[in-house]
Amino acid sequence: MLLPTGSTRRIFPVYGAAPMHHFILAQSTSLDGALSQGLGIIAKFLYIIAVIVIAHGGWQVRSGNADMGKMSIVGGLLLGLSVLIAQALFNAGGMPTISVGQ
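Residues in the sequence shown are numbered consecutively from 66, following this note's numbering.
Worth flagging that the hints you see were computed from the coordinates, not collected in a lab. Think of the CB as a built atom: it goes at the ideal place given N, C-alpha and C, for glycine as much as any other residue. All the pointers check out, no bait thrown in.
Keeping only pairs whose Cα atoms sit at most 25 Å apart, straight-line, the calculated SDA-like set for lysine to any residue is: (1) LYS135 with PHE110; (2) LYS109 with HIS121; (3) LYS135 with ILE150; (4) LYS109 with GLY123; (5) LYS109 with ASP97; (6) LYS135 with ILE114; (7) LYS109 with LYS135; (8) LYS135 with GLY123; (9) LYS135 with LEU111; (10) LYS135 with ILE117; (11) LYS109 with ILE119; (12) LYS135 with ALA120; (13) LYS109 with GLY145; (14) LYS135 with GLY145; (15) LYS109 with SER95; (16) LYS109 with VAL148.
Just the calculated beta-carbon pair ranges, DEER-fashion: (17) TRP124 with GLY158: 34 to 44 Å; (18) ALA131 with GLY103: 33 to 43 Å; (19) VAL126 with LEU146: 18 to 28 Å; (20) PRO161 with ALA108: 14 to 24 Å; (21) ASN156 with ALA131: 31 to 41 Å; (22) LYS135 with LEU96: 37 to 47 Å; (23) LEU154 with ASP97: 17 to 27 Å; (24) ASP132 with LEU100: 32 to 42 Å; (25) TRP124 with SER147: 14 to 24 Å; (26) ASN156 with MET133: 25 to 35 Å.
Build out the structure end to end from the sequences listed, making use of the hints.
See below:
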């Protein structure tokens with residue numbers, strides 16, 4: 066934007082008055098909603114890691130290291146299901162849980 070010489074007009078008149086960007090977790094209206102969305106992000110990350118660990122276990126079995134392959138596959142399954150296992154244990158004990166957000 067071209068301004069005439071000596072003009073004091075600014076695009077944003079006050080320092081820091083640029084429009085604020087909303088964070089993914091800040092879009093929820095309650096703490097439970099924010100924690101639910103955060104837990105969903107963690108669960109998605111764990112699923113990606115679980116797929117990598119299971120694929121590595123399959124590669125280990127193929128290369129002849131069956132024991133390490135089995136351990137990697139079981140570990141990947143536990144990683145992938147860890148959020149669901151934790152929720153089931155909390156529900157079995159009668160403690161309140163937070164649902165996983167999408």
